[in-house]
Amino acid sequence: MYSLQELEQKSIEYRKTVLRIIVQANAGHTGGSLSCVDILNVLYNRVLNVSPATFGDPNRDRYIQSKGHSVEALFTVLADVGFYAESELDTLGRFGSHFIGHPTRKVPGIEQNTGALGHGLPLAVGTALAAKLDDRSYRVFTLLGDGELTEGSNWEASMAAAHYKLDNLVVIVDRNGLQISGPTEEVNGLEPLTAKFEAFGYAVREVNGNSIPDLVACFDQVPFAPGKPSLVIAKTIKGRGVSFIENAVAWHHHVPNADEYAVALQELNQAEEALLEAQSWS
Amino acid sequence: MELGRPNLEEFGATLLEMGRQNPDLLVVTSDSRGSGKLGPFAKALPKQIVEVGIAEQNLVGVSAGLASAGKIVFAVSPACFLTTRSLEQIKNDVAYSDNPVSLIGISAGVSYGALGSTHHSLHDFAALRATNNISIVAPADNFETRAAIYAAAAHPKPIYIRFGKRPMPHLHAPDTQFEIGKAITLAEGTDVTFVATGEPVVQAMQARALLEAQGVSCGVISMHTVKPLDEEALLNAAAHSRVIITVEEHSVFGGLGSACAEVLMQVGADVRFKIVGIPDEYTITGSQVEIFNYYGITPEGLAEQAQALLGSAVAV
Ligand SMILES: Cc1ncc(C[n+]2csc(CCOP(=O)(O)OP(=O)(O)O)c2C)c(N)n1
Ligand SMILES: [Mg+2]
Chain A
168 MYSLQELEQK
178 SIEYRKTVLR
188 IIVQANAGHT
198 GGSLSCVDIL
208 NVLYNRVLNV
218 SPATFGDPNR
228 DRYIQSKGHS
238 VEALFTVLAD
248 VGFYAESELD
258 TLGRFGSHFI
268 GHPTRKVPGI
278 EQNTGALGHG
288 LPLAVGTALA
298 AKLDDRSYRV
308 FTLLGDGELT
318 EGSNWEASMA
328 AAHYKLDNLV
338 VIVDRNGLQI
348 SGPTEEVNGL
358 EPLTAKFEAF
368 GYAVREVNGN
378 SIPDLVACFD
388 QVPFAPGKPS
398 LVIAKTIKGR
408 GVSFIENAVA
418 WHHHVPNADE
428 YAVALQELNQ
438 AEEALLEAQS
448 WS
Chain B
32 MELGRPNLEE
42 FGATLLEMGR
52 QNPDLLVVTS
62 DSRGSGKLGP
72 FAKALPKQIV
82 EVGIAEQNLV
92 GVSAGLASAG
102 KIVFAVSPAC
112 FLTTRSLEQI
122 KNDVAYSDNP
132 VSLIGISAGV
142 SYGALGSTHH
152 SLHDFAALRA
162 TNNISIVAPA
172 DNFETRAAIY
182 AAAAHPKPIY
192 IRFGKRPMPH
202 LHAPDTQFEI
212 GKAITLAEGT
222 DVTFVATGEP
232 VVQAMQARAL
242 LEAQGVSCGV
252 ISMHTVKPLD
262 EEALLNAAAH
272 SRVIITVEEH
282 SVFGGLGSAC
292 AEVLMQVGAD
302 VRFKIVGIPD
312 EYTITGSQVE
322 IFNYYGITPE
332 GLAEQAQALL
342 GSAVAV
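Protein chains in written order, with this note's numbering: chain A, 168 to 449; chain B, 32 to 347.
FYI, nobody ran anything at the bench for these hints, they're computed from the structure. Remember, predicted model here, so these are calculated numbers, not experimental data. Every residue gets a Cβ at the ideal spot worked out from N, C-alpha and C, and that includes glycine. A couple of the hints might just be wrong.
[Stated by the list, open to error] The calculated label-pair distances, taken between Cβ atoms and stated as ranges, are: (1) B/Asn123 <-> A/Asn216: 41 to 49 Å; (2) B/Pro310 <-> A/Pro219: 32 to 40 Å; (3) A/Asn193 <-> B/Tyr181: 34 to 42 Å.
[What the hints assert, rightly or not] Simulated coverage check for chain B against chain A, where a stretch passes if three residues somewhere in it have a Cβ under 8 Å from a Cβ of chain A: (4) 108-116; (5) 138-150.
Please put together the full structure from these sequences, using the hints given.
Listed below in structure tokens is the structure:
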């Protein structure tokens with residue numbers, strides 16, 4: 168198992184890869200991919216019992232990425248855990264490539280085709296319900312954007328999740344506070360979110376979604392309550408890791424130009440050096 | 032053909048112009064103002080934009096409610112979500128209840144090429160053709176876009192207008208007449224006529240140039256309104272040319288081609304006929320242009336189809 172420091176270093180490497188493939192493809196969802204990288208890192212390297220070898224196993228844990236537009240983060244992590252060669256990422260967005268702008272099952276390791284928001288949670292509820300019906304031990308994780316929460320299907324599925332007591336379901340909300348048109352609370356307010364989810368029957372935890380130790384500690388505790396679906400409000404920074412991309416609305420699907428890319432890499436390299444230095448002291 | 036701007040931008044500018052003149056004109060968006068080039072509208076007329084968040088069903092329901100209370104409503108969202116997620120709201124709350132909403136499907140067809148099938152709208156003509164009481168318009172160039180938006184605001188009936196986001200060449204003289212349900216004949220021909228809708232009208236015009244150079248007399252009709260179909264223009268073309276080829280950025284099932292086939296078969300028209308569009312398969316991904324090339328929605332591809340149907344062996 169990777170140490171927390173190793174995971175932290177992986178997150179920095181993942182961020183570099185995410186930027187590299189977005190720049191290469193000249194398209195991508197930069198902000199949302201950078202905000203959820205740490206969550207995917209912890210899920211695939213620590214939490215999910217899934218690997219290329221076990222992907223066909225009916226008892227594998229499932230991960231369904233409802234915020235499909237952040238696919239660059241998912242493609243990057245799946246390459247690192249061995250579902251395909253990292254060089255395949257270079258085909259992102261190219262004519263005929265299966266590495267397109269949203270998750271598709273033509274890419275190894277992907278459970279469901281997503282990209283239209285508001286589909287992941289109903290799919291996850293069905294998959295979790297099947298585990299209950301078949302008495303299987305697998306768990307189902309799904310990642311939603313916060314802007315995505317205005318899709319009514321999420322709330323319909325939430326009621327079903329509570330009704331069927333799906334404590335094998337873990338819903339993670341990437342609460343970065345932004346969507347395409349601006350801050351979520353200005354576009355169409357979501358708060359009080361924790362109270363809403365609790366009222367819908369979830370056991371809710373808030374966590375720093377860009378902190379590896381916090382995420383690890385949080386996922387170690389699922390299910391949070393017996394007989395209830397778990398919901399994690401992961402407080403994140405959209406664009407996390409690159410100063411000028413962080414918290415900037417315009418970077419939802421902006422692509423860095425050559426200068427911006429160079430500065431971004433410099434910042435990430437500095438963060439990596441600082442991390443390794445801190446490690447050598449500890 | 033001189034290059035204009037994307038129909039999307041023409042739409043945003045037209046709506047701002049109209050909104051300034053009429054405070055009852057409202058734009059309703061689902062986190063789609065940026066994609067809809069409505070930033071300037073939102074800035075200039077903040078009281079005339081209603082934002083519902085990422086909730087396309089709600090977008091259409093709310094728009095129908097606003098329209099029922101006398102507002103002139105443009106509901107704007109990517110065509111792929113607008114006509115799938117909200118299809119029931121379109122059918123019941125707009126069309127069946129006859130609430131005169133103008134539904135604007137942006138980045139239609141395969142405009143979002145490399146984002147994959149979730150973001151393609153290749154079914155929208157089919158779904159809405161089978162829905163009673165809604166018109167379907169796919170403007171080809173900036174002129175048709177502007178005219179369609181003005182016509183929609185003046186037309187107190189449900190309407191769906193869809194277009195893409197690439198800059199489009201100008202096809203029409205500025206004094207051209209535009210009317211919903213009336214096709215525009217760009218050229219007449221006695222051998223073959225392309226009946227095209229939306230952005231592929233351009234490829235049809237370019238194919239015409241190739242064919243004319245090969246001695247083929249070729250007509251082109253911009254069938255901007257897919258429903259109600261201008262049967263007269265179609266039958267006139269069928270009476271004067273030997274081959275009709277329909278061209279659309281849509282599935283070959285249920286769209287413009289099907290609409291024309293229904294009319295031609297039922298009058299027993301004596302004409303050879305071909306539907307060009309996106310075949311019924313897992314759509315290849317890439318840019319819109321790459322996808323058009325792959326499926327032969329190109330000047331060369333269309334000219335080849337025409338030659339094949341004319342039974343001539345002339346290579347292109
Ligand atoms: C049904 C649907 N409507 C609209 C979109 C277009 N869209 C893609 S991303 C996005 C904003 C998402 O915001 P959020 O859920 O907060 O994601 P994040 O901030 O993590 O990127 C929108 C509106 C979509 N993909 N699906
Ligand atoms: Mg967000």
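Going down the list of hints, with the structure as the test:
{"no.": "1", "hint": "B/Asn123 <-> A/Asn216: 41 to 49 Å", "verdict": "holds (45 Å)"}
{"no.": "2", "hint": "B/Pro310 <-> A/Pro219: 32 to 40 Å", "verdict": "holds (33 Å)"}
{"no.": "3", "hint": "A/Asn193 <-> B/Tyr181: 34 to 42 Å", "verdict": "holds (35 Å)"}
{"no.": "4", "hint": "108-116", "verdict": "holds (count 4)"}
{"no.": "5", "hint": "138-150", "verdict": "holds (count 7)"}
This entry satisfies every hint, going by the numbered hints stated previously.
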